[in-house]
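Visitor: Sequence:
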Amino acid sequence: MAKQFGTETQVESAKRMYDARAANYEDSWHPDYSRRFIELVPLVPGQRVLDLCCGTGLEAFLAAEIVGDAGEVIGVDVSEGMLSVLRGRQQRQPELGRRIRTLLHDVTNLQGLKELEKGSFDVVLCSSAFVLFDDPARVVAHWREYLRPGGIAAIDITHELNLRSGMILERVADRMGVTFPSNRTWVKSADSFCEILEREGFTVENVVLLDKITGERSTYYRVDQADEQFNYIINTALTKNVATDDFKEKARPIFREEWEKEAVDGKVEIVDALYVYIARRKE
20 MAKQFGTETQ VESAKRMYDA RAANYEDSWH PDYSRRFIEL VPLVPGQRVL
70 DLCCGTGLEA FLAAEIVGDA GEVIGVDVSE GMLSVLRGRQ QRQPELGRRI
120 RTLLHDVTNL QGLKELEKGS FDVVLCSSAF VLFDDPARVV AHWREYLRPG
170 GIAAIDITHE LNLRSGMILE RVADRMGVTF PSNRTWVKSA DSFCEILERE
220 GFTVENVVLL DKITGERSTY YRVDQADEQF NYIINTALTK NVATDDFKEK
270 ARPIFREEWE KEAVDGKVEI VDALYVYIAR RKE
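The numbering used here numbers the first residue of the sequence shown as 20 and each following residue consecutively.
No wet-lab data here; the hints were simulated from the structure. As the structure is a computational prediction, the values presented were derived from the model and not from experiment. One should not assume that every hint holds.
[Claimed, not checked] Under the rule of at most 20 Å between Cα atoms (straight-line distance), these lysine to aspartate or glutamate pairs were calculated in the EDC-like manner:
{"id": "1", "residue 1": "Lys207", "residue 2": "Asp243"}
{"id": "2", "residue 1": "Lys207", "residue 2": "Glu279"}
{"id": "3", "residue 1": "Lys231", "residue 2": "Glu179"}
{"id": "4", "residue 1": "Lys280", "residue 2": "Asp246"}
{"id": "5", "residue 1": "Lys280", "residue 2": "Glu179"}
Please work from the sequences and hints to get the whole structure.
Guide: In C-alpha cells:
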C-alpha cells in the first residue's frame, strides 16, 4: 500500500514516481532534451563519467558514444524500473552498452559503493532530477568528492517560472506543514544555483538557458484557472495516488490564494525552460 502524501522520504518519493513512469518515460520530450543537454557538456574520448539519476540511460548512452571504449560511464539511480529500461537497451545495443555500468543506489549518499572511487571521475552528469533533492548544497558538496580536481559537473535546474503549479503546490504543502516530493522554492533566478556551486567548491564556466523544452513557448493562465491547475498538478506523478482527499480539500483554497499572488495583470506566466550549468571543480 502506498504511503500517504507527506510521509515519504525523498528516496521513497523518487522510487514511486519513476518506477511508475519508467515504461513510458522516453515517449516524451526527454530524448530530444537529453541530446540538447549533452551537446553542452565538454565530453571527450577516454573520460570516466558518473551519471547520477541516470534513469533510462538517455544521457548515459550519448556519453558512452563520445567517451568510446577507452572511457566509461557509470549510471546510478534509485529506480529499479528506470534501470530495467536502461539494461534492456544495453542488451539491444551491446557496442555502447558495454561502456556503461549501472548501480541501484541513492545518489545523495554514495558512500560505501566500492565501484565509485572518490576523485576518479572526469565528469558528473545530472539531468532532469536535481530539484527533487531536499538539500541542494549538501548534494553538490557530496558529488564534488567524486570528481578529480578540474573535473566538470553538468547539472540542470528548472527555470523559476517553469511548471508554476508544481512550485505553488510545494508552497502550499509547506504552509500546511507537509513535506513535498520536490524542492524548487530556492530557485529565484539563474544565479541561485551559481551561488551554491561557487560556495561548494566549483567555478561556474557556463550557464545556458534552454527553452521550448516540451516544444512550447511561454503560456499564460488566468487567475480563475487556479482550480484547473490544481486538478492538473495533483494528478501528476509528484502526488498521484498519495495525496489524500483530506489533503486535497485543505490544499485547494490555499493553492487558489498562492496562484493569485503569482498573477501579473490577471495572468500567470509559465516558461518552458531549464538552466544548464557547466561547473569545474576547483583544485
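Visitor: Do the alpha carbons of Lys207 and Asp243 lie within 20 Å of each other, as the hint requires?
Guide: violated (25 Å)
Visitor: Check the hint pairing Lys231 with Glu179 against an upper bound of 20 Å on the C-alpha distance.
Guide: holds (15 Å)
Visitor: So if I understand the rule, the pair passes when the alpha-carbon distance is 20 Å or less; does Lys280 with Glu179 pass?
Guide: holds (15 Å)
Visitor: Would the pair Lys280 and Asp246 pass a check requiring their Cα atoms to be no farther apart than 20 Å?
Guide: holds (14 Å)
Visitor: Does the alpha-carbon distance linking Lys207 and Glu279 stay inside the 20 Å limit?
Guide: holds (18 Å)
Of the numbered hints stated above, the single one contradicted by the structure is hint 1.
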